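Here the protein sequences line up with chains P and V, keeping their order. Per this note's numbering: the first sequence = residues 1 to 142. Per this note's numbering: the second sequence = residues 1 to 145.
No lab work stands behind these hints: they were computed from the structure. Note that the structure is predicted; figures quoted are calculated from it, not measured. Certain hints may be false.
Stretches of chain V that chain P covers, calculated by requiring three or more beta carbons in the stretch to come under 8 Å of a beta carbon on chain P [unchecked claim]:
no.: 1; region: 29-38
no.: 2; region: 55-69
no.: 3; region: 129-137
The beta carbon of each residue, even a glycine, is placed where N, CA and C say it ideally should be.
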Amino acid sequence: MLAAALVAVMVASELALGGTKLQTGLARALAAWALVYLPTVYLLAVYGGVGPVALTIFWGGAFLSWFGVRSHIESSILLRMLAILRRRSLTTTDLVTEYTSHYGKAMRLEELLRGGLAIKENDALSVSPKGKFILGVVAKLR
Amino acid sequence: MTAVDACGALALLLLLLVFYFVRRVPVYVAAGAAITLGFAAATFGTVNLATVSNWVVMTLGLGACTFGLLIVRVMLIRSVSLNMLRGIEGGAADVFGENIETRPDEMRRIGLVSRAPSGENALTGFGRFVAGIVATAYAIFRIKS
Numbered sequence: 001m002l003a004a005a006l007v008a009v010m011v012a013s014e015l016a017l018g019g020t021k022l023q024t025g026l027a028r029a030l031a032a033w034a035l036v037y038l039p040t041v042y043l044l045a046v047y048g049g050v051g052p053v054a055l056t057i058f059w060g061g062a063f064l065s066w067f068g069v070r071s072h073i074e075s076s077i078l079l080r081m082l083a084i085l086r087r088r089s090l091t092t093t094d095l096v097t098e099y100t101s102h103y104g105k106a107m108r109l110e111e112l113l114r115g116g117l118a119i120k121e122n123d124a125l126s127v128s129p130k131g132k133f134i135l136g137v138v139a140k141l142r
Numbered sequence: 001m002t003a004v005d006a007c008g009a010l011a012l013l014l015l016l017l018v019f020y021f022v023r024r025v026p027v028y029v030a031a032g033a034a035i036t037l038g039f040a041a042a043t044f045g046t047v048n049l050a051t052v053s054n055w056v057v058m059t060l061g062l063g064a065c066t067f068g069l070l071i072v073r074v075m076l077i078r079s080v081s082l083n084m085l086r087g088i089e090g091g092a093a094d095v096f097g098e099n100i101e102t103r104p105d106e107m108r109r110i111g112l113v114s115r116a117p118s119g120e121n122a123l124t125g126f127g128r129f130v131a132g133i134v135a136t137a138y139a140i141f142r143i144k145s
């Protein structure tokens, strides 16, 4: 039952993300996890002998693991380079050039702007209040 | 709340404190594993047929929390986007290039690629295996490659 719930929530998360990056659609993914959690906690308590405390701890851990792995697969430079090298062997310079031409700084910047973490005004970049909040949290946890 | 639930909640609290105070990854991994295994060992004696599912889910949950927080810590340290955001805030010089140029060396160190006599980086057998998994994950998650 728990395995089925995990598969369901991962499918629901993908549908909620709809092809957008996790950074941009995190709130929607969180909503999907909350939505699937509610029937799961009820069904497991009634039929599975699993209490809400155990399930809540499990669900939190599963979400963190999913978020970490999903985000890593999506953004990892190393994995992208592996995918490029799977197509053909390249020198280090060509590999870096190929990577930056497709997944480089401009794309990352666009994601920061789309996610509302950075603001561009009159060609000048600055960090949004949301971005400052995240940087504050990161500074405390890094 | 049962005794196993209370112990599990206490173990989670301990894990969160360790995550907050311990910044070195190997120490965090060791402490996280010790907390999860400590919980399992300390509560195993109370388990019976009626409560075994709850105990298994709790133990798996603590393991998942340890693993999830580990990935979050690694992301906080290595994330290029976060480093870029920090660079924008501090008006720092471009940090993007230096983040990328270290990766091919890293891949060689891990044994994912080897350098051919021509100077090209080629995937090793292990590298091809990992790259296959990555390609499958990209397809499942609909990530453009």
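Structure-based check of each hint:
1. Counting residues of the region 29-38 of chain V whose CB lies closer than 8 Å to any CB of chain P gives 0, which falls below the minimum of 3, so the coverage claim is violated.
2. Chain P is given as covering the region 55-69 of chain V, and this holds because 13 residues of the stretch bring a CB closer than 8 Å to a CB of that chain, at least three being needed.
3. Given a C-beta distance limit of less than 8 Å, the hint that chain P covers the region 129-137 of chain V holds, as 6 residues qualify and 3 suffice.
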